[in-house]
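Colleague: For the protein sequence lines, the chains are A and B, in the order given. Here this note's numbering is used: the first residue of the first sequence is 1, the next is one more, and so on. Here this note's numbering is used: the first residue of the second sequence is 1001, the next is one more, and so on.
Derived from the structure by calculation, the hints contain no laboratory data. Watch out, some of these pointers could steer you wrong.
Computed spacing ranges between beta-carbons, pair by pair [stated by the list, open to error]:
{"no.": "1", "chain 1": "B", "residue 1": "GLU1322", "chain 2": "A", "residue 2": "HIS70", "range": "46 to 52 angstroms"}
{"no.": "2", "chain 1": "B", "residue 1": "ILE1046", "chain 2": "A", "residue 2": "SER51", "range": "38 to 44 angstroms"}
{"no.": "3", "chain 1": "B", "residue 1": "LEU1482", "chain 2": "A", "residue 2": "THR28", "range": "43 to 49 angstroms"}
Calculated lysine to aspartate or glutamate pairs in the DMTMM-like style (CA-CA distance at most 20 angstroms, straight line) [claimed, not checked]:
{"no.": "4", "chain 1": "B", "residue 1": "LYS1511", "chain 2": "B", "residue 2": "GLU1326"}
{"no.": "5", "chain 1": "B", "residue 1": "LYS1064", "chain 2": "B", "residue 2": "GLU1032"}
{"no.": "6", "chain 1": "B", "residue 1": "LYS1239", "chain 2": "B", "residue 2": "ASP1291"}
{"no.": "7", "chain 1": "B", "residue 1": "LYS1113", "chain 2": "A", "residue 2": "ASP49"}
{"no.": "8", "chain 1": "A", "residue 1": "LYS32", "chain 2": "B", "residue 2": "GLU1111"}
{"no.": "9", "chain 1": "A", "residue 1": "LYS122", "chain 2": "B", "residue 2": "GLU1111"}
{"no.": "10", "chain 1": "B", "residue 1": "LYS1643", "chain 2": "A", "residue 2": "ASP49"}
{"no.": "11", "chain 1": "A", "residue 1": "LYS58", "chain 2": "B", "residue 2": "GLU1652"}
{"no.": "12", "chain 1": "B", "residue 1": "LYS1294", "chain 2": "B", "residue 2": "GLU1177"}
{"no.": "13", "chain 1": "A", "residue 1": "LYS58", "chain 2": "B", "residue 2": "ASP1657"}
{"no.": "14", "chain 1": "B", "residue 1": "LYS1469", "chain 2": "B", "residue 2": "GLU1429"}
{"no.": "15", "chain 1": "A", "residue 1": "LYS58", "chain 2": "B", "residue 2": "ASP1645"}
{"no.": "16", "chain 1": "B", "residue 1": "LYS1529", "chain 2": "B", "residue 2": "ASP1554"}
{"no.": "17", "chain 1": "B", "residue 1": "LYS1114", "chain 2": "A", "residue 2": "GLU4"}
{"no.": "18", "chain 1": "A", "residue 1": "LYS32", "chain 2": "B", "residue 2": "ASP1025"}
{"no.": "19", "chain 1": "A", "residue 1": "LYS16", "chain 2": "B", "residue 2": "GLU1080"}
{"no.": "20", "chain 1": "B", "residue 1": "LYS1514", "chain 2": "A", "residue 2": "ASP73"}
{"no.": "21", "chain 1": "A", "residue 1": "LYS16", "chain 2": "B", "residue 2": "ASP1644"}
{"no.": "22", "chain 1": "B", "residue 1": "LYS1352", "chain 2": "B", "residue 2": "ASP1381"}
{"no.": "23", "chain 1": "A", "residue 1": "LYS58", "chain 2": "B", "residue 2": "ASP1644"}
{"no.": "24", "chain 1": "B", "residue 1": "LYS1529", "chain 2": "A", "residue 2": "ASP73"}
{"no.": "25", "chain 1": "B", "residue 1": "LYS1320", "chain 2": "B", "residue 2": "GLU1245"}
Listed below are several chain A residues computed to face chain B (Cβ distance under 7 angstroms; list not exhaustive) [stated by the list, open to error]:
{"no.": "26", "residue": "LYS9"}
{"no.": "27", "residue": "ALA23"}
{"no.": "28", "residue": "PRO39"}
{"no.": "29", "residue": "ARG47"}
{"no.": "30", "residue": "HIS55"}
{"no.": "31", "residue": "GLN77"}
{"no.": "32", "residue": "GLY79"}
{"no.": "33", "residue": "GLY102"}
All residues carry an ideal CB built from backbone N, CA and C; glycine is no exception.
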Amino acid sequence: MVKENFNPKILAFLCKWCSSAGADLAGTSRIKYPPNVLPITVMCSSRIDPSFIIHAFKRGADGVLVAGCHPGDCHYQSGNYKTRRRIFLLKGLLEDLGIESGRLRLEWISAAEGLKFASVIKEFTRGIQTLGPLNRGNG
Amino acid sequence: MKADHRKKIGVFICHCGINIAGVVDVNKAREEIGRYPGVVHSEDYIYMCSDPGQNFVKEAIKEKKLDAVVIACCSPTLHETTFRRTVESVGMNPYQCEIANIREQCSWVHENKKAATDKAMKITESVIEKLVLNESLFPVTVPVTRRALVIGGGIAGIQAALDIANAGYEVLLVEREPSIGGHMIQLSETFPTLDCAQCILTPRMVEVGHHPKVKLLTYSEIQEVSGYVGNFKVKILRKPRYVIEDKCNLCGECEKVCPIAAPCSFEGNLKVRKAIYIPFPQAIPATYTIDADKCPGFLPIACGKCAEVCEPKAIDFDMKLEIIEEEVGSIVVATGYELYPPKMIGEYGGGKYEDVIDGLQFERILSASGPTNGEVRRLSDGKVPKRVVFVSCVGSRDPENHFPYCSKICCMYTAKHAMLYKHRVPDGEAIVFYIDIRAGGKRYEEFVTRAQEEDKVLYIRGKVSKIFKDGDELVVMGADTLSGKQVEIRCDLVVLSMAMTPSKRIEETVKKLKIQMDEHGFLQEAHPKLRPVETLTAGFYLAGAGQAPKDIPDAVAQASGAASKVLDMFSKDELEHLPIVATVDEDLCSGCGVCVPLCPYEARVMEIRDGRKIAAVNEILCEGCGSCVSACPSGASQQRNLKDDQIINVVEVMLTDGKGEF
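The following block holds chain A by itself, in its conformation from the complex (with noise of 0.2 angstroms):
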C-alpha cells in the first residue's frame, strides 16, 4: 500500500553525459515530478563506488537510483557496464543486509528522455513509498 503522506529521502546518481542531461530536458521541457530526489551528477555511472550507495542506506536515504547512457552509448565506451555488474552484485549484498533490493534501481536514461526521467522518479517514489521508510534499527 503506497503510503502517501510518507516522504521518502531519495538519492539519484547520474552520469553527466545521459542522465543529468535526460533531467535536464525534462525541466526544459517543464514535466513535474515528485521532488524527493535529489541529484548527484557525477561523470560516468562508473563513478560510483557501491560503498556510496551503502553510505546514502546508512544515513538515511529510503532509495537509490542510479542512472547511465544506454547500453552501447557509454559516452566513456562501456562505463555504464561496469555499472550494471557492481548495481547487480550490489542488490544480492544489500538483501543479506536486509534492505529490499527494490530499494536500489538501476535505469538507462539517455539525454533525449526527458518523459522518462521524469516517469522514473514517479514510479521509483511511489515504490519507495509502498515500501515505507527504510527501518535501519538501532544501527
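Once you've looked at the hints, dock chain B against the given chain A.
Modeller: For chain B alone, kept in the frame of chain A given last:
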C-alpha cells in the same frame, strides 16, 4: 553541515526572471545559505549571467577575498564556462567555481514552493560541500609532434596526405599494396560526369609521390602503434620488393623473360601477370615488384633470368624485410573497402560461372587499359555480349543472409555500367534489377534518368532469385514486382553489384591502433553526426570507405575534414586536456592492478617505482570517467575534484534534515 571554515565561499543565487524565483523563495534561500558554515557572502540577482550579474560576482570575490564561489542557476551545460571565465578574470582558479543546478533539476519540475525551496537549498549546499575540497586545477598539457601518419593510399589517404603536406607538415603515407591509388585507380570512368578515373587520379598520385613533405611507404604495413595523442611511436614493416625503387627504369625486359604467371589482382584476376610485375603502368612508385610467393629466383639455380636482363641492376634477391620506427602526432586511418566476394552468393553462380562478375571486374573490362583493352567482351569466349543483366543490392540490404546496410554507391555505378556498356555496344541490351534507386547526390538522379531515357537501359524492380547456365547463355530468374510477374531473362553476361565491406585485413590493423569498429567491421566515428571524422581515441581520424560505404566526393570531403582536424592539432604548441582525471596515491597503491583492465583508454599502467608495483595514471590518455577510482580497493585512486570524500560529503549533506547532525 560540515563545510571547511578555512575556505571563504560566496554563493550567488539567480532568479532567472521568474524561472527560478517564481517557484523557489530566493530570499529565504539567500538568507539560509548565508548562514551555512564557510559561506561569507550570499547574494541573489534577477539574471546572474548578465554583465551586471557577473560583475557582482567579480566585486564580491575582490572585496570579500573569496576562495571559491557557487552559482545557483541553470544547468552547468549552459553557463559553467561563462562563470568560470568570470572568476578567472579576477584571478580565481576556474575550478573553484561550481554550478548548482536549481532550474532544470528543481524550479522547472516542481510546483510546491516550500519543497522546491528546500530542494534548491539542498542542491546548493551539496555543491558547497563538493567545492570545499576542490583543488585549483590547470589543464594537462602535452607537446605535439607535428608530423602525421596516413594509413591507406587510396583517394581518401592521398587527399588527406596532400592537404596536410600542402599546409607545410610532414606526412608518412603508408600503403600495403605495391602502388598507391586504391580502388579508384581500377575504375574506368566515374559517375556522374563520366570522367576517366586515371585521368583525374594519376596527377594526384604523382603529386603525393613527389611531394617534398610526403614520405611514401608502399608495400608496407603498420606493425605497432604505441604512445598517445600528439606523441605516437609507429613501427612500420617494409616488405622487400626485391627491386630497388630508384634504380628500376620500367624498361620491362624482366617481365618479358619471367617464366612464371600469376593472376593479376589489379585486373580483378581477369588477366595474368608475371612473378615480376608492375600492377599498372602509372603505378607510384614507378617500379617493378617481385612476388616472392611465386618467384623461383630465390634459389639461384632455379631462375634469375630477370636479374640477368636488368640493365640498371635494380634486382636484389637479398633484400630483407625492414622495420622502421617513426614518431607522429596524429594518425589518419583511410583503410578503404573491399567487395563482398561473389562466391558468397551461391544461387547467383558467383565464382562458378566465368561470365558472372562483380562491379570492379566490369570496371576493368570497360577500362581502355584492362584485359580486353576497353572492348566489352566476355572472358569465357571473347564474345561481345548482346544482353547484359546488372543486379543491384547483392549482399546489401539483406539482413537475413548477408548485410543489413545499403552500400550506397551501387545504384550509381550500376547506372554508369549500363550506360557505358550501351555506349560501347549500341545494339546491345542492358537490363538492371533493382530494389529502389537511391540517387541522392548532386546530379545523381539526373544521371540515372539519363541511363533510362537516353541510353534506353531497362530497369526491372525486383530481386533476382537464381542465375544458372544454359548452353553458353546465362538465365536470370527473378521477380518484376511492379507487374507482379516472374521473369526469366537469357543473357550473355551478368554483373553483380556486390556489397561493400571493410578491407579484409582491417581488423588486424584496427586492433593495433586501438580504435573502435562497428558491428560490421567499419571504423567507428566518435559521433555519427557531430564528430564524423574523429574517433573516440584522441589523435586518430577517419577518412574514406573504411568508415562506411561512400563514393569518391564523400571520401575526398571526409579526407579533407580529417586533414583539417590534424592541422587544427598542429596549430597549437601544446595540447590541452581536461584536468579532472584519475590520480594515484603511490603510498597507498598496493599494485593490485584491478584498475588496469577497467580503463577503456589504457590510461592505467603498471609501473615500478622504488622497487614497488604502482598502477600509474597517464593523464593524457585519461578521459576522467572515474571507473577505475570506484574499483580501487585501497582508495589510492581518486578523481580530481570528484574525490571519494567529496561524494561522501555530498551524500551526507543531501540526507541531513537541515538540523545539522546525524
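Colleague: Does each hint fit the structure? Answer for all of them.
Modeller: Now for the hints, and whether the structure bears them out:
no.	hint	in the structure
1	B:GLU1322 to A:HIS70: 46 to 52 angstroms	holds (47 angstroms)
2	B:ILE1046 to A:SER51: 38 to 44 angstroms	holds (42 angstroms)
3	B:LEU1482 to A:THR28: 43 to 49 angstroms	holds (48 angstroms)
4	B:LYS1511 to B:GLU1326	holds (19 angstroms)
5	B:LYS1064 to B:GLU1032	holds (19 angstroms)
6	B:LYS1239 to B:ASP1291	holds (11 angstroms)
7	B:LYS1113 to A:ASP49	violated (34 angstroms)
8	A:LYS32 to B:GLU1111	holds (8 angstroms)
9	A:LYS122 to B:GLU1111	holds (15 angstroms)
10	B:LYS1643 to A:ASP49	holds (11 angstroms)
11	A:LYS58 to B:GLU1652	holds (10 angstroms)
12	B:LYS1294 to B:GLU1177	holds (16 angstroms)
13	A:LYS58 to B:ASP1657	holds (14 angstroms)
14	B:LYS1469 to B:GLU1429	holds (19 angstroms)
15	A:LYS58 to B:ASP1645	holds (16 angstroms)
16	B:LYS1529 to B:ASP1554	holds (14 angstroms)
17	B:LYS1114 to A:GLU4	holds (18 angstroms)
18	A:LYS32 to B:ASP1025	holds (18 angstroms)
19	A:LYS16 to B:GLU1080	holds (13 angstroms)
20	B:LYS1514 to A:ASP73	holds (18 angstroms)
21	A:LYS16 to B:ASP1644	holds (17 angstroms)
22	B:LYS1352 to B:ASP1381	holds (15 angstroms)
23	A:LYS58 to B:ASP1644	holds (16 angstroms)
24	B:LYS1529 to A:ASP73	holds (14 angstroms)
25	B:LYS1320 to B:GLU1245	holds (14 angstroms)
26	LYS9	holds (6 angstroms)
27	ALA23	holds (5 angstroms)
28	PRO39	holds (5 angstroms)
29	ARG47	holds (3 angstroms)
30	HIS55	holds (6 angstroms)
31	GLN77	holds (4 angstroms)
32	GLY79	holds (5 angstroms)
33	GLY102	violated (19 angstroms)
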